[in-house]
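Student: Residue numbers (the working numbering), protein chains in the order written: chain W, 46 to 186; chain Z, 494 to 1077.
Honestly, the hints are just simulated from the structure, not real lab data.
Glycine included, every Cβ here is placed at the ideal spot set by N, Cα and C.
Check each hint, because a few of them may be wrong.
[Stated by the list, open to error] So these bits of chain Z aren't anywhere near chain W, every CB distance computed over 12 angstroms:
#1 542
#2 579
#3 618
#4 769
#5 882
#6 990
#7 1035
[As the list claims (entries may be wrong)] Between beta-carbon pairs, the in silico distance windows are:
#8 1018(Z) / 135(W): 31 to 39 angstroms
#9 157(W) / 515(Z): 19 to 27 angstroms
#10 149(W) / 830(Z): 39 to 47 angstroms
#11 1034(Z) / 182(W): 53 to 61 angstroms
#12 147(W) / 727(Z): 43 to 51 angstroms
#13 894(Z) / 157(W): 49 to 57 angstroms
#14 708(Z) / 184(W): 26 to 34 angstroms
#15 627(Z) / 182(W): 27 to 35 angstroms
Each chain, written out:
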Amino acid sequence: MSIAIAEKIFKKISVIDSERCVGCQSCMFACARRFGRGGLSKSTILAKSIGGVERGYTVIVCRACPDPPCAKVCPTGAIIRRKYGVLVNASKCIACKHCVEECPFGAVFWDDETNKPAICVHCGYCVDYCPYNVIKMEEVK
Amino acid sequence: MLDKDLLKVLYIDLTKRKFWIENREDLFSKYIGGSGVAINLLNEECPKGIDPFHPDNPIIFAVGPLTGLFPLCSKTVAMFKSPLTGNLGESHAGGRSAISIRMAGYGAIVIKGSSDEPIYLSIHNNKVDFKLASGIWGVRSSYTVGRILREREKGEGIRTIMRIGKAGEKLVRYASVITETYRHFGRLGLGAVFGSKKLKAIVVSGKKPIPVKDPIAYKKLYDEIFKEAVESPIMKKYHELGTAENVLPLNKIGGLPTKNLNKAFFEDAEYISGEYLAKNFLGRRIACSHCPVACIHLAALREPYEDEPYFFKTTMISYDYELIYSLGSMLGISDTSNLLKIIDEVEIQGLDAISTGVVLAWATEAYEKGLINKEHTLGLDFKWGNVENYIEAIRNIVNQTNDFYEALAKGVVYTSNKYGGKDFALAFGGNEMPGYHTGPAGYLGFITGARHSHLDSAGYSYDQKNIGKKMEAKEIAEYCFNEESWRQILSSLVICFFARGIYKPNIVSEALKISGYDFSEEDLNKISEEILKKKYQFKFREGFSIDKFHIPKRIFETLSPHGLINEEILNEAINLYMKRVSFE
Chain W
46 MSIAIAEKIF KKISVIDSER CVGCQSCMFA CARRFGRGGL SKSTILAKSI GGVERGYTVI
106 VCRACPDPPC AKVCPTGAII RRKYGVLVNA SKCIACKHCV EECPFGAVFW DDETNKPAIC
166 VHCGYCVDYC PYNVIKMEEV K
Chain Z
494 MLDKDLLKVL YIDLTKRKFW IENREDLFSK YIGGSGVAIN LLNEECPKGI DPFHPDNPII
554 FAVGPLTGLF PLCSKTVAMF KSPLTGNLGE SHAGGRSAIS IRMAGYGAIV IKGSSDEPIY
614 LSIHNNKVDF KLASGIWGVR SSYTVGRILR EREKGEGIRT IMRIGKAGEK LVRYASVITE
674 TYRHFGRLGL GAVFGSKKLK AIVVSGKKPI PVKDPIAYKK LYDEIFKEAV ESPIMKKYHE
734 LGTAENVLPL NKIGGLPTKN LNKAFFEDAE YISGEYLAKN FLGRRIACSH CPVACIHLAA
794 LREPYEDEPY FFKTTMISYD YELIYSLGSM LGISDTSNLL KIIDEVEIQG LDAISTGVVL
854 AWATEAYEKG LINKEHTLGL DFKWGNVENY IEAIRNIVNQ TNDFYEALAK GVVYTSNKYG
914 GKDFALAFGG NEMPGYHTGP AGYLGFITGA RHSHLDSAGY SYDQKNIGKK MEAKEIAEYC
974 FNEESWRQIL SSLVICFFAR GIYKPNIVSE ALKISGYDFS EEDLNKISEE ILKKKYQFKF
1034 REGFSIDKFH IPKRIFETLS PHGLINEEIL NEAINLYMKR VSFE
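Just chain W, with the same shape it has in the complex (with noise of 0.2 angstroms):
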């Protein structure tokens, strides 16, 4: 299935350096807009203000863990490990939400119109909608 295919990429979205981040929210929306519509629905990436607009942004996106404990505390295996990241199978998931708990980045959103986790799956759509070099992709070693 998908995971084969998505192992040949071997790229993964990296924070770079989120000081330059303004909070436009250009990625949020570009990543809702891989499914071709507006609005913020299934975005996988967050830009958040660290206390205050004032401190500047923290970016919240799936850092594809090496040992990813959203996975872990997975109880029906709905959420696959791969080479980077995780894929989630939506058909065995029962919405327990124990993965949103114990993603200890906030990375692991929940889609409001499935009722499902939403994971960002590293595609990079994003990246090209930053405008200020705070995500990039990077090979993963």
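Put chain Z on the given structure of chain W with help from the hints.
Tutor: Below, chain Z without anything else, positioned relative to chain W:
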């Protein structure tokens, strides 16, 4: 097919603590959104002749069909009856406000009634909570209010937190509503209307999708607009130095109002310029939601504590051209740190920066001329550039410590009617003037514009393009009318006016198609005039009349880039303009 969520209007009754949602396709399909929808809702909800502090004065927020779909369509239009002018109140703000409202699933919010105790509204998707705000009522600094609500509420990164400061609570007629700490519904006193309803804040968040008609065309047009926003030279000025870039060019041509417009040239302009601020103070740039431009410039002001060595505080203070004019050159403040300190005080209290500066500038001249004395000022020596006294005066205005400060809290027109000095009370239609002494077209806009704002018809820009040329009344009136008309479309789509060069009529028409509308450029022209007509009808209904319009003499006494402003030409242009907006 329009997005069903856009058509939803959230009605909130503060008196009954009730909310409900109505489908207003009738308005959104015909008047698009933003200003177009808001003026219709205002006409429906605002009773004729009502006191702006009466519970029945509604607060209306509206966003547009392109909000959340395309970049730079992230303004929220607020409409209400203004407590400052007693007439049409319309104020626009960015921050996250518009995106949050749309993402929560609404095209507009109408707030009616009044609470008997301080509350704030917490709106997350279709859930509306009326929460107690007595604990944050009266808190000294608006920054603190923001911090508390940030910690209490959900929706990090995707929420707006609109709040008032003490000025709004105390009903200062030009109190602002602050959103995301550094953006404002500044003009015309929305903050005081919040205060009159005991409404301290509104938090809104959501994460809705927005369907489009043709996803492929959508992505293509998005990329075109995004590229323009990021690369086009027309956005460069906002991107780099921000609006503060205007200071030096305006000063050079002699159009920067200085010391209550006794002059239009400030000898120390360099120290309050965008260049100087960027070089010495710029600490961070931030953006409104869904806008890659990031025009919000924050200065880092580092101040030592006097009682403790090696002890500093660093404050981030947002600056823009209008603040630099009103709280800088208008008050003769040439020390950059002092300018930032007074801007910060205005932010802490939650005031409109332009009105505050103009009011203080009038007071300084009135003090010089002996119309007021230390008894009025409570011992403060109003002197150009004396920032400590100005900051103290701002606190007195907010607290309305005596009759004089109570008057100042009602604006410069009210105060000058009481104490004299009307000839140098720089307000138009009750609204304190913005920072452009550029020529007749600028003033035509202040006088005739629906909001008496420089943003209504941007005559100041026309003045600057025509320096050295003789301008006829007819062409000025025509320019301003066409501009104010077209801006009704922009503000109905809640497109930031800074992006007006990107969103040309053909692009607007294309973007609208993607969101399900089918308007030709000709249709848009018709709609724009209809919206403008409705605004003026509201103004006339509430007593606006050009015959009793007061123009302060000062504007004719100070040299502008077009020499002394020709009163005859200005009057002729006013008459021509009024004929156009009476739509007979």
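Student: Hint numbers the structure violates, sorted upward?
Tutor: 3, 8 and 15
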